[in-house]
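Chemist: One letter stands for each residue in the lines below.
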Amino acid sequence: MTDGVRDEWPLYEIFVRGKRGLNHVHVGSLHAADDEMALLHARDVYTRRNEGVSIWAVRADLIVASSPDEKDPLFAPAGDKVYRHPTFYVIPDDVPHM
Amino acid sequence: MSHVHDHDADHRSVYDGLLGGDDSRWAFGTDFEDPLAGVDTTIADDVDAAALAQYCLMLGDDALIYSHRLSQWASNAPDLEEDIALSNIALDLLGQARLLLARAAAADASLVPVLPAGSPVPAEDALAFFRDESAFRNVRFVELDIGDFAVTIARLLIFSTYRLALMQGLAASRDPVLSAIAVKGTKELTYHRDYAARWFLTLARGTDESRRRLLVALALVWPLYDELFRTHSIEQTAAHQGVGVDPASVHDEVDVLLGRVFSVSGVERPDVPATGAVNQGMGRDGRHTEAMGRLLAEMQVVARAHPSGRW
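Chains A and B supply the protein sequences, listed in that same order. FYI, the numbering for the first sequence is 1 to 98, going by our numbering. FYI, the numbering for the second sequence is 99 to 409, going by our numbering.
Since the hints were made in silico from the structure, they are not lab data. Ideal Cβ positions, reconstructed from N, Cα and C, are used throughout, including at glycine.
Chain B regions said to be covered by chain A (calculated; three or more residues, Cβ under 8 Å):
# : stretch
1 : 177-190
2 : 293-305
Capping the alpha-carbon separation at 27 Å, the derived lysine-lysine pairs in BS3-like fashion look like this:
# : chain 1 : residue 1 : chain 2 : residue 2
3 : B       : LYS285    : A       : LYS19
4 : B       : LYS282    : A       : LYS19
5 : A       : LYS71     : A       : LYS81
In isolation and in its complexed conformation, chain A is listed as follows:
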């Protein structure tokens, strides 16, 4: 396209926090012309069934992601280190969200 008009809007990744959720959860992606439109589109596309109370929208090209090629050096070394999990403690019943 000419005159600096792109033929496709940038991609955004959308995160929604539910009424009972404690953290924002990735729900999908969408196209929008700018940040404000991304929020409106996210509201229309991902909260229309009463799912959310808060939305984050992030330009997909701003996300730094690990590569599948690095999977083994990054994650495999943690595979056999069971002592890193706090499974040797007794968690009291009234401690929530554990």
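Mind docking chain B on chain A? Use the hints.
Modeler: Just chain B, lined up with the frame of chain A:
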């Protein structure tokens, strides 16, 4: 008990099945609200029930007919995201229409078309699908053809600004049902207006082509703008009784708000003559444009073919 077939139980269980009994899973939505929960539905003795019913028809028909026009965008909008946005708006208005037509039927049952004995069609559906064109009380502004995206945005901006002003006044209605519908509608229409205003500005300040189309669109819908604020005798009665809002009373507010959007968009009010009356009547009198008959034919054909159908 579990062997007895119970329609209500089936209906309630729809979401239970999705959630698998675990209410903490929020992905499918929770806590759906009945907008009329706890609302007193009796009609006060000193309220003219027939006028209340006609007034509800007017507001209900505006929402119903415009909802149909917006729903014509489903699967046709420029983007998937806009497709869903316009469908959401159409569904908001359809919800308002349903509550308003049900209120009209409750206030004056003689308005409801008579269907074959035993027909399960509820009163609000009978009003929507079995009335003829001349019985519809919507303003002509909402029945114009769908047009292009610019027409949709220009019309949605004007309609949602107008209806939001009406609903804000209606929240103080003496009729508790109208008041509850207005409170619900106010939140919905605030979003519709915001959505339309952003797009209006975007199209006006976008490319030469988007601006050209928007100006054409505004000139196309503007001739029916004045009719929105013409007070019908029913609206006057409803306003006097404290149940309704006189549309003329919101004209200045709507005009100022639209003026602000036009101003930041660099757009002038179109200089085009208003569409006149037909046989001394306008939309509120049941006099409609050519587009209305085609709209109703499409909207009503399936329901009319099956007057005893269960949906």
